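> Sequence:
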Amino acid sequence: MNHSKKVLNVFSLVMINVIAVDSLRTLPISAKLGFSLVFYYIFAALTFFIPVALVAAELATAYPNTGGIYVWVREAFGRRAGFITIWLQWIYNVVWYPTMLAFIAATLSYLIAPHLGNNKFYLLGTALSLFWVFTFLNCFGMKLSSIVSIIGASIGTLLPMIVIIVLGAVWIFQDRPVAVNYPTTWLPDFSSLGNLSLFSAVLFGLIGMEMSAVHAEEVKNPQRDYPKALFYSALLIISTLSLGSLAIVIVVPNDSLSVVSGLVDAYAIFFNSYNMPWMTSVIAVLIILGGLSGVSAWIIGPTKGLLVSARDGSLPALFSRVNKYGSPVAILLTQGVIFTVLSTVFILLDSINAAYWVLSDLSAQMALLVYIMMFAAAIKLRYSKPEQPRGYTIPGGNLVMSLISGIGIICCIAAMIVGFIPPSQIPIKNVFLFECFLIGGLILFVFIPWLFAKKHDEQLCSEE
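Residues in the sequence shown are numbered from 1 upward in steps of one, following the numbering used here.
By construction, these hints were calculated from the structure, which means they are not laboratory data.
Fair warning: this is a prediction, and the values are worked out from it, not measured in the lab.
It is possible that some hints are incorrect.
Unchecked claim - Quick list of simulated restraints, FRET-style, between CB atoms:
#1 Asn221 - Gly125: 50 to 58 Å
#2 Pro177 - Phe447: 48 to 56 Å
#3 Gly194 - Leu159: 17 to 25 Å
#4 Arg224 - Gly125: 47 to 55 Å
#5 Leu444 - Ile347: 29 to 37 Å
Stated by the list, open to error - Calculated pairs, DSS-like style, for lysine-lysine (alpha carbon to alpha carbon, straight line, at most 27 Å):
#6 Lys324 - Lys304
#7 Lys120 - Lys429
#8 Lys220 - Lys385
C-beta: ideal position from N, C-alpha, C; glycine also.
The whole structure should be built from the sequences, with the hints applied where relevant.
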């Protein structure tokens, strides 16, 4: 009976992985790294991307029930750690929303007035409007089907990604002028930690493999086919992200590259040079449709895990309630308020690039904490629950599992440390505000919930 469910072949799993991870939003900020971005992506693949995929595949087949990382961490370290994990998954998405919606707003500006893409008030107003409209729709249970979301992701992400890679390749083959000198080395400049700060953004652009790992059990032969699919996925995802970012590097000068509108700026340069300026609008429409098709899912998706945790007693009873449409209104409205407050950073900081980076950095810091907990849970469960059936097992025994997870943990910690240093590629005039925002955000969104969870655990123990 179980064999009938195993319908995914290697190609199917590769496509699921690509759709889950590939993101256009990552390209402009990666392009800030110049040609050294290739090194960053290869290094990130070996120390983070592949370890996440391998560990998540084993955990997903050991605990196939709904809940993902929350269940894995809870099984390893208890309910309190599980709550912190699901909380972090929710809050890092909330912090990430302004950057994604600013990206959509900047793309939309090309259809209205291109100069608005660099107007912080336009970006803020459009992002807030889009978010609250979709929050309102979600309160009434209005959601796009998963099929529409997949189609939107395909035409709004994969197609524009392929187009910019092809444009970049043609540009090079025609020996057209490039915006940057070819490097004598593809290695980063290690002389200053500020040159390495964007590494956390590279890692953040590669998250998502644990979501596709739930399909590992549906593969015909997990032990043989999953590693094969992982290899092809890593090759395809790293190649598309690297080549897409390089296409921006060769036509948009680094000092004028916007991490928000840089992608559409690159399309405009390409198509204007080929006397097809109208194609920029076509691509912009595809990106907007792809982005909007995912907005509804982004807004409601992370709230589901938090709702489960609230019903488990980890949050006040108010957050465990749903309306007649099945929507967790209290969580959605709280999410909207936090989003609105965070979005004001576009006004507070001196530049759009600085605001975009500080939000990306804070969300990356919290996301990496989640992965540290996942890697630690994988090691713990190998020793504490070795008898648990696993559809896929990382070969090599506990030593190899510890080695792979250890590499992942070290990579995450290193990225978090350099993430506290203002990047040399994105000038930040008010360093004090930057540091206060990061440290204050981590205290508010991580440390306080941890204390809250501890208090909740103590109450449960006293009741028992």
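> Hints first: check each against the structure and report whether it holds.
Each hint, compared with the structure:
1. Asn221 - Gly125: 50 to 58 Å: holds, 52 Å
2. Pro177 - Phe447: 48 to 56 Å: Since Pro177 and Phe447 have Cβ atoms about 51 Å apart, the given range 48 to 56 Å holds.
3. Gly194 - Leu159: 17 to 25 Å: Violated, at about 36 Å.
4. Arg224 - Gly125: 47 to 55 Å: holds, 52 Å
5. Leu444 - Ile347: 29 to 37 Å: violated, 19 Å
6. Lys324 - Lys304: Roughly 16 Å separates the two Cα atoms, so the pair holds.
7. Lys120 - Lys429: With Cα atoms ~17 Å apart, Lys120 and Lys429 stay inside 27 Å; holds.
8. Lys220 - Lys385: holds, 25 Å
In this structure, the earlier hints numbered 3 and 5 are contradicted, and the remaining ones agree with it.
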